[in-house]
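Here is how the chains run, residue by residue.
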Amino acid sequence: GAVVSQHPSWVICKSGTSVKIECRSLDFQATTMFWYRQFPKQSLMLMATSNEGSKATYEQGVEKDKFLINHASLTLSTLTVTSAHPEDSSFYICSADSGIVGELFFGEGSRLTVL
Amino acid sequence: AQKVTQAQTEISVVEKEDVTLDCVYETRDTTYYLFWYKQPPSGELVFLIRRNSFDEQNEISGRYSWNFQKSTSSFNFTITASQVVDSAVYFCALSERGRGAQKLVFGQGTRLTINP
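So the protein sequences, as listed, match chains R and D. Just remember that the working numbering sits 127 ahead of the position in the first sequence, which is counted from 1. Just remember that the working numbering sits 10 ahead of the position in the second sequence, which is counted from 1.
Since the hints were derived computationally from the structure, they do not count as laboratory data. Heads up, some of the hints might be wrong.
Restricting the straight-line Cα-Cα distance to at most 30 Å, the calculated cross-link-like pairs of lysine-lysine (DSSO-like) are [what the hints assert, rightly or not]: (1) 193(R) to 13(D); (2) 48(D) to 168(R); (3) 168(R) to 13(D); (4) 48(D) to 147(R); (5) 26(D) to 182(R).
Model, not experiment: these values are computed from the prediction.
Work out the full structure, taking the sequences as your base and the hints as a guide.
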């Protein structure tokens, strides 16, 4: 079946640094990908919709200058957490829209810890 | 706005018991999809089922079964003869159409613990 891959699966960084997380659709093209954030013991909350070739659409309350999203190709979207702080520590997970109604595929997730 | 409610935050049962996880949703869309995902401690989301709004047939897959009732806006999930490996957080989700693509609205999740 379709596979979406995220990298890195976990990352530890110092406060103030930037971290990039990649989301790749391995065997299909995805014009739209979604980025979710999950704090410990909480649900997944949509952060933004990543659109290939255009600007991402951010959900209310999500800082677009802090969470930079780039969807430069039909198989890759990246999320960059800029100037990361401990409160940004979370599990970030992406999903890719296959274009087939009702079919979404999730990456394995990336666990970010900011010291 | 679309909303998914999983009222059961945590459930703990003894192995081999049957357990039902509740899911109630709200939407104004006439066409939508409902999902169930399993999230083990490792974190990845494991897809369990997708159901579209026009298909109200119940589904059974091994020890798993799902009951979809549009009249009560519910999509409940039952595990029969539970096993320790079923321990995980389970999320119910609703697709939300937006700009031709789909994004999911997740419930709060139910943490299921199966005790030996």
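**Asked** Hey, residue 48(D) versus residue 147(R), does the alpha-carbon distance stay inside 30 Å?
**Response** With a Cα-Cα distance of about 26 Å, the restraint between residue 48(D) and residue 147(R) holds, given a limit of 30 Å.
**Prompt:** Are residue 26(D) and residue 182(R) close enough, with their CA atoms no more than 30 Å apart?
**Reply:** violated, 50 Å
**Request:** Please work out if residue 168(R) and residue 13(D) have their alpha carbons no farther apart than 30 Å.
**Result:** holds, 19 Å
**Message:** Given the hinted pair residue 193(R) and residue 13(D), is their Cα-Cα distance within 30 Å?
**Reply:** holds, 27 Å
**Item:** Hint consistency between residue 48(D) and residue 168(R) [alpha-carbon to alpha-carbon, up to 30 Å]
**Value:** Roughly 14 Å between the alpha carbons, so the hint for residue 48(D) and residue 168(R) holds.
In summary, the structure is inconsistent with hint 5 from the numbered list given earlier, while agreeing with all the others.
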